[in-house]
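S.K.: Protein chains in written order, with this note's numbering: chain A, 67 to 304; chain B, -1 to 264; chain C, -1 to 264; chain D, 7 to 369; chain E, 7 to 369.
Hints are computed from structural coordinates only; laboratory data are not their basis.
One or more hints might be untrue.
Between beta-carbon pairs, the in silico distance windows are [unchecked claim]:
id	chain 1	residue 1	chain 2	residue 2	range
1	B	G212	D	G111	45 to 51 angstroms
2	A	G150	C	R79	55 to 61 angstroms
3	D	D158	E	V20	34 to 40 angstroms
4	E	G320	D	G332	26 to 32 angstroms
5	B	T170	C	W32	42 to 48 angstroms
6	D	A330	E	A131	24 to 30 angstroms
7	A	T253	C	T17	35 to 41 angstroms
For glycine and all other residues, C-beta sits at the position ideal for the given N, C-alpha and C.
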Amino acid sequence: SSRSPSGHGRTTLTVFAAASLNTAFDEVAVEYKKAHPGVEITFNYLGSQDLVQQMQGGAAADVFASADQKNMTIAIESKLISGGPKVFATNTLVLIVPRDPKTGQGNSAGITGLDASLDGKKLVICAPAVPCGATTATLASNLGVTLKPVSEEQKVTDVRGKVESGEADAGLVYSTDAKQAGDKVETIQIPGAEKVVNSYPIAVTASSRAPAEAQSFVDFVASEAGQAVLEKYGFGKP
Amino acid sequence: MTRTPLPAWVLVAATVGLTVVAVPLLGLAVRIPWADVPTLLTSTAATQALWLSLRTCTLSMLLATVLGLPVAMLLARLEGRRAVLVRTLAVLPMVLPPVVAGLVLLVTLGRRGVVGQHLAAAGIEIGFTTAAVVIAQTFVAMPFFIVSVEGALRTLDPAYEVAAATLGASPTTVLRRVTLPMVGPAVLAGMTMAFARSLGEFGATLAFAGSLQGTTRTMPLEIYLQRETDTDSALALSLVLIVLAAVLMALPAGVRALGSRGGRVA
Amino acid sequence: MTRTPLPAWVLVAATVGLTVVAVPLLGLAVRIPWADVPTLLTSTAATQALWLSLRTCTLSMLLATVLGLPVAMLLARLEGRRAVLVRTLAVLPMVLPPVVAGLVLLVTLGRRGVVGQHLAAAGIEIGFTTAAVVIAQTFVAMPFFIVSVEGALRTLDPAYEVAAATLGASPTTVLRRVTLPMVGPAVLAGMTMAFARSLGEFGATLAFAGSLQGTTRTMPLEIYLQRETDTDSALALSLVLIVLAAVLMALPAGVRALGSRGGRVA
Amino acid sequence: MSASSIAVDATVTVRDVVLDVEVEGGHTVGVVGPNGAGKSTLLGLVSGELRPDAGTVRIGGQEVAGPRRVVPPHRRSVGVLAQRPLLFGHLRVVDNVAFGVRARGVAKAVAHQRAMTELEAVGLAGLAGRWPAALSVGQAQRVALARALATDPAVLLLDEPLAALDVAAASSMRVLLAERLAGRTVLMVTHDPLDLWTLASSMVVLEGGRVLDHGSTESVLARPASRFVADLAGLNRLAGVAVESGSAVEDDHAVHLADGVEVTGVPDEVAGPVVGQEALALFEPAAVSVHLSAPGGRPRNTFGAEVTGLEPRGALVRVHAVLAGGQRASADVTPRSIGALGLTVGTAVVLAVKAAQVRIVRH
Amino acid sequence: MSASSIAVDATVTVRDVVLDVEVEGGHTVGVVGPNGAGKSTLLGLVSGELRPDAGTVRIGGQEVAGPRRVVPPHRRSVGVLAQRPLLFGHLRVVDNVAFGVRARGVAKAVAHQRAMTELEAVGLAGLAGRWPAALSVGQAQRVALARALATDPAVLLLDEPLAALDVAAASSMRVLLAERLAGRTVLMVTHDPLDLWTLASSMVVLEGGRVLDHGSTESVLARPASRFVADLAGLNRLAGVAVESGSAVEDDHAVHLADGVEVTGVPDEVAGPVVGQEALALFEPAAVSVHLSAPGGRPRNTFGAEVTGLEPRGALVRVHAVLAGGQRASADVTPRSIGALGLTVGTAVVLAVKAAQVRIVRH
Ligand SMILES: Nc1ncnc2c1ncn2[C@@H]1O[C@H](COP(=O)(O)OP(=O)(O)OP(=O)(O)O)[C@@H](O)[C@H]1O
Ligand SMILES: Nc1ncnc2c1ncn2[C@@H]1O[C@H](COP(=O)(O)OP(=O)(O)OP(=O)(O)O)[C@@H](O)[C@H]1O
Ligand SMILES: [Mg+2]
Ligand SMILES: [Mg+2]
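Next comes chain A alone, as it looks inside the complex:
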């Protein structure tokens, strides 16, 4: 990708963003470009951890938007970030249960929340090692419940996939995932989940060759216009 930081012609920003941000950021970029016609944006959407690893491997990014604090911290420790990160969105956990695709009826297993209604049912959650799993573990211990999942998925998308397909009776996912799943699932809010917030930090990278434009993008994401788009896709306010 070509960059001309000194202003002639177009500048291309490479944004490394967590895969879960993909539709939202695509739209944010469209809005941003309206205000900054000279700037092109390409996205590298992958798991936050893949992104950090690639930056460690020398990948040239201008902006890094992580789906969790942990990977942003690793990025900072690896001296990949310039300045301080800014949290631009949050996400909380919800319980989803499948809806019957024919009848549209949901919750045939009669699940009411993280309680005894899950006994003998197939619950899927994220593995503790991954960000959504860490959040899940915190929530469970906050609530004092012991979860007995049939699978500890390695991506939240896989939790969603298992519930959407009806393979699992219930799954713990982010509210954005629940929103993406649309009417394939029914969402059950968990009291106390709002206290276990997963934050999305964003920052300009140390290696950016267009730090000014990068910063303007970061600012735009945090701006009202940016936040409006993110809200549309189910993200919470920072």
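With chain A fixed as given, assemble chains B, C, D and E with the ligands onto it according to the hints.
M.R.: Quick look at chains B, C, D and E with the ligands alone, frame taken from chain A:
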């Protein structure tokens, strides 16, 4: 019979080809935290994953062989459009990204799937079981077996099969006592590939079977998870797969040596 | 020559084998939101990913052939421990989970990698370019080519090569005009497998090359991303791969038909 | 073992082969013809290796290939010895021979026993434990013969069974075959007239994918239907039109060759010539003498000719020559006379043969 | 084309073959021997297909295989016609024949032209466009011959070049070979003495992986070193110890057989017997008459024997018999006398041969 010697440039080129593979492995060796290796490899999670991988890969290899062999035989007899059709069907799982393969299995054999709903009605649920792992691995590995064996069957001189038939051997006997032994090396190669492909299988398993220690979390899934914590430990775990591969490669060679016939035949 | 007929049970078994593959695809067909397919497939993201996949897979297939052929030839001549060693090396990328393969490439060829740092010093940066995609795909696909061709070379009757040599053909000529044409079907099969494996490649590409639209986001990565939004659309996108696979399978058959020699030889 | 008849009336289009051949049950029929005549094709039709494009193949009266049905090879009870040994490389010699016996469900030990007996018969019991790849070509062919005989087939097809064998082996295999072919229905392809004399009661001559002649070995070889058969029988064969002989000898008949030369000889007892119709003059090379100019004395036939080749044959030399009209004839003479006459390729000579040694037959 | 000599002095352990063979440049040497004698092995050593475990192979004085160095086949300029045709299935007939010419860097069109000439020579120009799979076995062998001849090699190795050919084709190939082998150094394996007479100036006899005899074709066949060679030469061969003849005829010598029977004959001019040493009695089957009891009249040799087989051969029948001492002999008689004497296998007979028709040679 002495074989004609290989031209020198082939040796040079082969060295280049092997280097392409060897150098990244060297990179791996440099990165691995060798001191932590013993601890890592003896953790419950790792050993459970290893045994699960061994068990499921062996089963998948056998299933791929049993299911793939007849398909390869049929395929080798077909010509023209029918061959294209069957071959396309047979190798499709190879071109699907593993995750898609897993999703496809989920929407078919899952609790609400085309087939799965009937199974579920009969009380059989595959999802989240070790069986699901085996199915996912078999699905993605079988095409490699089929393609390998079909090629060998197509180059087999049919005169030997005819000769066996004129000696009174039924088609089944011909198959068992002539065709299969004659394509033996290709069958072994196919089984090797099926096992190897199963051993590295990640996406389909994840999407279809889930990931639970001891039940569905195979070695690749364990490695992936380990990577969330520490990339270098993940690389160390993949050492196990490399050692397994080496043992695997030594096996067919051993089998071949055992059954060695001192060459080819007029 | 009429081939001996296949026993009836083989046909039955082949049907079972094919059903195992066909039914999941049926499941796929049922789930795909057919109405959205035209929009999905004509989106810029999808078409860019498709072209990228086609270009990189073709290159990977050719690279796997050029690099793999000499390795296969060398391997087919080796016996005993040396064969095990070389074969293990050659097939290792097959057993590594793709993500590990990608990581291994990253720590080797990345800007800070064992080899990559020297390349970077020379101004060559591979990571996150289309070249990285090709390398990742070649790395994982080459073993399938090698195994397939090695098997064929081993079953080749060396008397033909010797006959060519006594006619004055140098080893290179023997290779070019006798050996390669005689194992032609296996080379084609190997290339098919390499292409197919590249087409479905996901993990290694993701880890080594990233996912930049138009540069490194191949079809499998695009499907992966699409899945973040909607599983069914992701399945619809994988239709493209299925159609590609069908075309691919028709190709070698066509090539074969073109070069058909009406059978085998005394 | 009941002897089944064979009846082939079939076409293989791509090979331009159209054959009509019948073999009585229990008989051995020799199949001869030039390379590419369709001999192996005939055997392939009977064994089931080939499917006719039109027509039928019957074995023992039962249709085994035809428009309606095709019986696969393994249900035809036809033993085959192909032109290539086709030994199974993954089975040791003895297991190759036992293969057909085992395929009939015979116990391993019994089949093994039987295989050893057959290997002894072909003189290779000592190689029982070898892999086929470690055999010489002639050894492989003998193993293949043992394998074909081990199944005791009622119908046996042999494609040049003795082609790669040494003289001694060929001779003892002939003795073995004479014994083992008795009572079976056999089609045996050969290029050696000795095989015909020793093993076959009758023969079929194929040329260009068609049946040219068939009948008892004696009659077919005595009245060669083509140059090829004459070569096989080792006879000179001049073709022309039968005329009344101008000779004094009562019984003699003459054949007019195209270039006006007349050959006088004795009419064949079975198929004498018809005046005005095509006829053949047949005589052995040994009966021909070579001169530089026409010798005196009658009743002798003389032909002007040019030497085209000299072929040493043990104590004698065969002189090949072409007559003025383009027909060929040869003469067996001593090396001494070659020297005396100064014969080389291109020498103009006169060939002479006594009328009494020439047989004239209808063509 | 300079004629290179060949010298093989080499061992192939796994085949139990130890050979010492020399061929003068420009000569054609026939190689004969029973199946498995090591004939193809000898050719393989010269072509480079096989590497000797010990010893050396020289071509034109240059060591091409030995402890120090091995010259690969394509650098030996040795043309090979193997026992199998080994045509390349992916090349059409004409391209198969052109292969060796092309490999020498000759332009495609020229090589093609040359290939067509060679195909015409073997009579198969009409099949130039065929795939090898669509050839009969004999056709394939002729194409292989054309392919071997097309490269004009100084050294040519022919392994049964005419084995699968029909009589007519074999005879015209012999003429072709006689012409094309002239001036080259050739090793030709054959089972047909006719090939030896026509094409070879000298011969090598192999048995059991060793050289048994070698020399001019005439001398080797005239004094057969083994039963196998006698069979090849078509001679009866009785072995014993030379004694002074008791006969009245001055020149006669006698051979004592193991069982006390004496055979009287004429001592060989070149290698007459030495009294008290081993000697052979040689005579043609045609010279032997068969009786039910000893006939009168001298000088005749008579042997009591038992008939072991009857082999029809055209106008005559060959009677195989075993003498009291276990040695074998055969006689050619008319079918008429078979009937008159009532000969069948097992009949006790007396074989008679005139002393003048028996040659006694040193063993
Ligand atoms: N597979 C084939 N496809 C097309 N034509 C073929 C095929 N095999 C043989 N032919 C042709 O069919 C004819 C008959 O062949 P066949 O093998 O029957 O001859 P043959 O009499 O056995 O000759 P030979 O004495 O050389 O073995 C030949 O002209 C040959 O070229
Ligand atoms: N690849 C091999 N490995 C071991 N022994 C072999 C091999 N090939 C041949 N032999 C043995 O070596 C000996 C010589 O074989 P060779 O092929 O030279 O015989 P040959 O004289 O050509 O016989 P034929 O007339 O049957 O062709 C035989 O006893 C044979 O069994
Ligand atoms: Mg034939
Ligand atoms: Mg041989």
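S.K.: Indicate, hint by hint, whether the structure satisfies it.
M.R.: Hint by hint, here is what the structure shows:
| no. | hint | result |
| --- | --- | --- |
| 1 | B/G212 - D/G111: 45 to 51 angstroms | holds (49 angstroms) |
| 2 | A/G150 - C/R79: 55 to 61 angstroms | holds (58 angstroms) |
| 3 | D/D158 - E/V20: 34 to 40 angstroms | holds (35 angstroms) |
| 4 | E/G320 - D/G332: 26 to 32 angstroms | holds (28 angstroms) |
| 5 | B/T170 - C/W32: 42 to 48 angstroms | holds (44 angstroms) |
| 6 | D/A330 - E/A131: 24 to 30 angstroms | holds (28 angstroms) |
| 7 | A/T253 - C/T17: 35 to 41 angstroms | holds (38 angstroms) |
Hint check: no violations occur; every hint is consistent with the structure.
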